[in-house]
Structures are given as structure tokens and as C-alpha cells.
Amino acid sequence: MNGVTTLTEDQRDALQELMNISMGQAANSLAHLIETKIGISIPKISSVTPPELFGMINRSDNAFYTRQSFLGDIQGEVMSVVSRDGLSEVANLLEYEAPLSQSDIEETILELSNILAGACLAGLSSQLELATNLNMPTLFSPKKASFVELNWQHSLVMEVQFDIELSSFSMRVVFCLDRVSLEKLTATIDELLG
Amino acid sequence: MFEQLVGKLPVGICVVNEQYEVVFLNDFFVDRMDANLRKDYQDKNVTDIFPAQAKFLRRRIKSVFVLQHPSFSYWEQRPHIFPFNSSRPITGEETQMFQNMEIVPLSSSTHGKLACIFLQDVTAQASYYIAQQELSKALKREHEEQLKLIKKLDSAQSQLIQAEKMASTGQLAAGIAHEINNPIGFVSANLDTLRQYGEHLISIGEKLASHSPDADTTTHKLIQQLLEAHHFDLLREDMPPLIAESCEGLTRVRDIVENLKRFALEESSGWQLLNLEDAINQMLELVAIQYKNPVYKAQIEPKGLKLFCEPGGIKQALMNIVINAAQSVTGEGFVKIIAKQDDTATYIKVLDNGSGIDARHIKKIFDPFFTTKPEGLGQGLGLSVAYTAIEKHNGRISVNSKLGKGTVFDISLPLQQPEDSDELVVTSA
Amino acid sequence: MAVPLLVADDSRLSRRSVIKALPPELTFSITEAVNGREAIEHLQSDSFKLLLLDLTMPEVDGVGVLEFISTHAVNIDVIVISADFQPEKQRIVLELGAKKFIRKPLDSEELAMTLFELGYL
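Protein chains in written order, with the working numbering: chain H, 13 to 206; chain F, 165 to 593; chain G, 331 to 451.
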């Protein structure tokens, strides 16, 4: 991507609201499944460079990372940052029995990513009447070097955070879109605003 | 046509309703099920048909019904959800199928909400991946071993340099010892003469003192003043012990130099008959100079025990063992050498009641460069040199030790007959 | 007579869609607040009959506004319009005195129905 991705204030506001609604749906889904209240943040929409994206993802050592791509009318990748703190409590809520094996932990991380990222994307897509499909999440460890090598200068990212009350667990989901998808997204938002 | 197509798909398809009852299975599933289940799976609970991962399956299917969103499972975390074997029942190794699973929400007018399980056989990828992982682990291990080896070689090299230095220092010491002998010779001869002269002078002084009252007053006064001014009384008392001490010191220097010369200078000059008793006594004297803690004892039977050997090697071996023994004695203690001989072999025992050797080190003590001493204080060569020397004589060396109690080294050297013993009898001079 | 209405939502899009969804049979005099703090300021200086309140807002969130209303015994009908519709959240909001909870994205018919139930129509 060349040049700063610019959104008008209205577009940014609209995208933020759409994400907010999607998050609400995601949180409700998860809350329903694990019968616990989920806290949601105000979504952040920003334009970042690859090193900034790395900084955004890699804010703490005490986390696990997953990523999954989505295809369809809009395409991109979702990265989830899952805190280690409180993870075992969440695993218990997902009916994993203590003591957790390494596989249990990994499965919990992948499952949480899939549920929250999936519900967010599904919410966004349905509001904008776009068709998207999310692929399987995989675990990864972000390395600064590989982010610096990315062949774009700026990307629009949407960052949301979920917390599970009564536990120190928190999780951030970062959506990144490719340029074509971003254009498609802003055009769809303009229709909505129009 | 579509039904046939779905039936033949190379992925497993299993559709269940909200009660987890099986609505549809494709051939992939059916072909792999027990014969008695094949005809009778309709409307059965999927977790009854596949009870192995029942809890997990129920949870995931529930999640799909609740969230209306796909759920995934990977072989890495959960390799075998359904009890299927990999696809080669005859030719291949009979292994369990590695599976990736995806469950997606569906709905139909006749069944309402449904969940569709897609099952992928990823055994090939998984075994490839696992093999790769193992390979990479093996490579990593090898790499680490090589690094260790390189480090060992590095240290070996520096140790060898050190050893070389030591060897040349030894030669130097021997050379110096030789040079010191000459001055020591004339210094002690001169000192002896000086002692006699001193005695004469003292007797002159004594006589003067006793006879001066007989002289005239002036002379008497002069003599008394002279004797007092030069502290004759003190001088008379102090001079003989001073000289005696110096003589003793010189004797010690001569002994040390003599021992050093005999022991260090001696290079391997082939097989000779060695007077073991002399060699052991000399060695103990030398070691005692440096390590003063232990009491040294030698018990050699018979007196003047002789051994046909390479004297340099044997002496070096004993020296190294005795030094180790001496170093291990920190407080009061002893180092003892027992040597005896029978018709077949010579036996040498070195005992100490020092700190002993830790059981986990005992197997390594003869390894080159193995040392428990702080860096710089030991090269870890002494016992390995000893071992090599004993081995060269077809002998055996073994060790017994108890931590905190002491150590015993046992050496046995099979008797070797000199080809022409008369010619080669040497003492250690 | 126009109903004095306060719409509190940090999203302009959301405020616009709320205002657009208001039933045309009624007239409102509308004040907008972009966060909870602004909403409380308006509640302190003017009197309103109805508050359409979002929950997820910066500075002071919707729950904070409801707490202000209940502790200061402000006489106002509150309808919460939020994306965060977890049952637990709805329960808290209703306990704090909100009359009704409506999910985002907002359905204008649901809003009209609610206003009818509350006696505005």
C-alpha cells in the first residue's frame, strides 16, 4: 500500500460503530457459551505502518498469538492476542478440566480466537451485506523482522478488546484489510451513509 | 448426482441435528466404521457411535449450534477424534489417522438446525511434519554437541599449550638447578671456613677479656671499651647459631636442588631398572616441600625394591597421584605409599585420608582435562598422564574413594624382564 | 408539543440512525451528547423527558449516566440502545432504572413499539 490510508471522519465513525455492534454480538455469543459476562472496549480504528502494527500486536510478553485469514467480498487477516493471565479459568469455562495440557491450552486459544474474531467478522459482514469466510486460526509468534519485511507502508487496522469479568483474562483482536478490500469497505460505508 | 458426489468426497462428512443425532454420513465415514455399525447409524447419537472424544465433540457441536459459526480442530492439538486408521491398511504401517476437523452450521427445511462435521485425513502431512520436527531436533542436538566439542577442543588446545609451557619450565628448572649447585658448593665450603674463623675470633676475644686486668690500666681500659663498643657478649652468643642455621638452610637448598635435578631432569631414556624405594622417597620429599599438611609415609618391601620400567613415566605417574593425594588433605592427615612385589607383578598403593572423590566424578577422573579444581588451578591432566603411563606398562590402575574419608589408588604393574639386566642397573642418581 | 429528547452516543452514525428511526408522528426537540460526561452536563442544565442512551462510550459510559440519574433522582425515561446486549448487561441496566433495552443495529419498528409501550404514541 502506498500513501497513508485516509478515512473521512464520517467513515471512521461509521466503521467504529459497525465494529462496536459486531463486538457486541461476538461478546454475546461467547457469554452465552461460557455463561460469563464479557467486557468490551471501544474499537480503535487506525492507520499503521508495519512496525507500528508489530508494536500493536506485541505489547506484552505474557500473551499467545493467533492469526487467521478471511476471504470473500473483503479479504484480510485477523490477529488475536490472548493473555496468559486468566486463560486457565476461561479454559475451565469452556469445559476443559484442570490440569490443562499444552494441547488443551492451545485448543482454548484457537477456539477463543475463532469465536471472537469469527463473530466480529460475521457481524461486520452482515451489517454491510458482504460475504466473508474465515479460515482456520493458527498459532504464531510475531517477529519484528518479518513485520518489517512486509511490502506495504500503511494499513488500516481495527482493534478491539474483550475482557472476562471475574478473571484477569483479556484478548485483543486486530483486523487488517488489504487495499482492495479497504476500498470496497469504504464504498459500502459511503452507501450506508448516503 | 450430488448425493453420489458427496458420498465419494475424499473428506469425511457427518451431519447431526440439535440432539446430536446422525442425519447423514458419507462413504468416508461409513467405510471406516465397524461392520455392525454400518447399517445402523441413522438417528443414533454421534457420541454413542464415536464415544472416544464424546465430550469434546458435544462441546464443539454445541458451540456451532449456539454461535452459528464454524469451529475448528487440528491434529496438532487433538490428533485422533474419530478412531480411524490411516489409509493404507495393507501396505502401510497401521497407524491412527491424523485428523483436522471443521464443524459448520447448516439448516434444512426438514431437519431445522444442523451441524456438519468435515473430517480431513492429514496423516501424510502430520507424519511428514513430525518427521521434520524430529529431524530438526536431531540436527539441533548434533549442533549443540558440536559446539560442546569445539569448546572442548579449544580448551584442549589451550591446555596443551599450558602443558608445553610446564614441560619447558621443568627443563628450565632442571637447568637452573644444575647451575645453582656450583655456587652452593663453594658457599657452603666458605661458610664452614667462616664458622671456624669465627670460633677463632671469639676465642681471641674471650682470652683478651679474661687477661686484660693483668695489663696496665690504660690498655685494660682500652680493651674493655673496645669489647663493649662492639657488643662482644652478644656477638659471641649469636654468631655460632647464625652460622649453624645458615648451614642448615644451605643443606636444604642443596637437597631440594638435588631432588629436582634427579626427578625433573630425568627424561625417558628407555626401559631401565629403577630403584623404586629411592624414587618414592625422593618424590615424597619433593612433594612435602610444597604440600606441608599431610604426614608422608612409605612402606616398601623388600628394601631396595627394583622395577624394570620406563622410569620417567612411572615416576611421573606416581608423582601426579601423590600430588593429588596431598592436595586433598587439608587439615591433619596422611599420604602413604605401599609398594610390594610378587612373582608376577609389582603393586603400588597410594592412600590418603583427604577429602575423597565425589561418586559422580569417579568415572571421569582419568579423562584428559577433567578437573574439579577452580579454573587455572588444575589442568585435569595429572591422572590421565598417570593412566597413560601405567597403560604403557600393561599395568592397571584403579581407584576407590569415599567422600570425606579418603582415596586409595591401586596400581599393578606386571613384571617385565630386562633383556640384559646387568648392563642396565641404574639407581636414580 | 415537542418532546425534549437527549440522544447520547459517541458515534455520529449511530446518533443519526437513532434520530432517523424516531416515529414521524411525534415531534422532538433533540439535544445530542457525544459521551456520558456531556450527557450528564446536559441533564444537569436542562430537563428532558426522554433519554436514548448508548452504553459503550468514552469518558463516562452509559452505566455511569444511569448511575448519575438514579443517585440524583432525575425524572426521565431512559431507553438503552446498545450493541452490548449480553443478558447480564441488560439486567444491570434495567436494575439501574432504564425502562427498556434495545439492541443495535437499531430497528425503527422496535423503537416505535417501545415508545408506544411507554405512552409516547
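Rather than coming from a laboratory, the hints here were simulated on the basis of the structure.
All C-beta atoms in this analysis are idealised placements derived from N, C-alpha and C, irrespective of residue type, glycine included.
One should not assume that every hint holds.
[What the hints assert, rightly or not] Calculated pairs, DSS-like style, for lysine-lysine (alpha carbon to alpha carbon, straight line, at most 27 Å):
| no. | chain 1 | residue 1 | chain 2 | residue 2 |
| --- | --- | --- | --- | --- |
| 1 | H | K49 | F | K219 |
| 2 | H | K49 | G | K350 |
| 3 | H | K49 | H | K156 |
| 4 | H | K49 | F | K385 |
| 5 | H | K156 | F | K304 |
| 6 | F | K504 | F | K566 |
| 7 | F | K566 | F | K470 |
| 8 | G | K429 | G | K350 |
| 9 | F | K226 | H | K155 |
| 10 | H | K56 | G | K350 |
| 11 | H | K196 | G | K350 |
| 12 | G | K350 | H | K155 |
| 13 | F | K301 | H | K156 |
| 14 | H | K155 | F | K556 |
[Unchecked claim] Negatives, chain F to chain H, calculated, CB over 12 Å:
| no. | residue |
| --- | --- |
| 15 | I213 |
| 16 | R224 |
| 17 | V230 |
| 18 | Q232 |
| 19 | S237 |
| 20 | E240 |
| 21 | E266 |
| 22 | S271 |
| 23 | K316 |
| 24 | L414 |
| 25 | D419 |
| 26 | K537 |
Do the hints match the structure? See the list:
The hinted pair formed by H/K49 and F/K219 meets the criterion: a straight-line CA distance of about 24 Å does not exceed 27 Å. A threshold of 27 Å between alpha carbons decides the hint, and for H/K49 with G/K350 the separation of about 32 Å lies outside it, so the pair is violated. Under the criterion of a C-alpha separation no larger than 27 Å, the hint pairing H/K49 with H/K156 is inconsistent with the structure, at around 35 Å. Between H/K49 and F/K385 the CA atoms are separated by roughly 121 Å; this puts the pair beyond 27 Å, and the hint is violated.
Taken as a hint, the H/K156 and F/K304 pair is honoured in the structure, with Cα atoms around 24 Å apart against an allowance of 27 Å. Using a Cα cut-off of 27 Å, the hinted pair F/K504 and F/K566 holds, with the two alpha carbons roughly 24 Å apart. In summary, the hint linking F/K566 to F/K470 is not supported, as the alpha carbons are separated by about 32 Å, beyond the 27 Å threshold. Distance check on the hinted pair: G/K429 and G/K350 sit about 21 Å apart at the alpha-carbon level, within 27 Å; holds.
Pair hint F/K226 plus H/K155 does not hold up; C-alpha atoms about 36 Å apart against a cutoff of 27 Å. Taking the CA atoms of H/K56 and G/K350, the gap is about 26 Å. The hint holds against a cut of 27 Å. The straight-line distance between the Cα atoms of H/K196 and G/K350 is roughly 25 Å, inside the 27 Å bound, and the hint therefore holds. At roughly 47 Å between alpha-carbon atoms, G/K350 and H/K155 are farther apart than 27 Å, so this suggested pair is violated.
Between F/K301 and H/K156 the CA atoms are separated by roughly 25 Å; this keeps the pair inside 27 Å, and the hint holds. With a C-alpha separation of about 58 Å, the suggested pair H/K155 and F/K556 falls outside the 27 Å cut-off, and the hint is violated. No beta-carbon of chain H is positioned within 12 Å of the beta-carbon of F/I213; the least distance is around 21 Å. The Cβ of F/R224 does not lie farther than 12 Å from every Cβ of chain H; its closest approach is about 8 Å, which violates its non-interface assignment.
Annotated as non-interface, F/V230 brings its C-beta within 12 Å of a C-beta of chain H; the closest such distance is 5 Å. Distance to chain H contradicts F/Q232 as a non-interface residue, since its nearest Cβ pair spans about 8 Å, not more than 12 Å. The beta carbon of F/S237 is not kept farther than 12 Å from every beta carbon of chain H, the shortest such distance being approximately 7 Å. The non-interface label for F/E240 is inconsistent with chain H: the shortest C-beta to C-beta separation is roughly 7 Å, within 12 Å.
Chain H draws F/E266 into its interface by the beta-carbon criterion, the shortest separation being 7 Å against a cut-off of 12 Å. Consistency note on F/S271: stated as away from chain H, and its beta-carbon is indeed over 12 Å from all of that chain's, at 15 Å minimum. A cut-off of 12 Å between C-beta atoms confirms that F/K316 is not in contact with chain H; the least separation is 33 Å. In this structure F/L414 is separated from chain H by more than 12 Å, as the shortest Cβ-Cβ distance comes to about 73 Å.
The beta carbon of F/D419 sits about 69 Å from the closest Cβ of chain H, which is more than 12 Å, so the claim that it is off the interface holds. Its beta-carbon lying about 41 Å from the closest one in chain H, F/K537 satisfies the requirement of being farther than 12 Å from that chain.
The structure fails hints 2, 3, 4, 7, 9, 12, 14, 16, 17, 18, 19, 20 and 21 (numbered hints given earlier, in ascending order).
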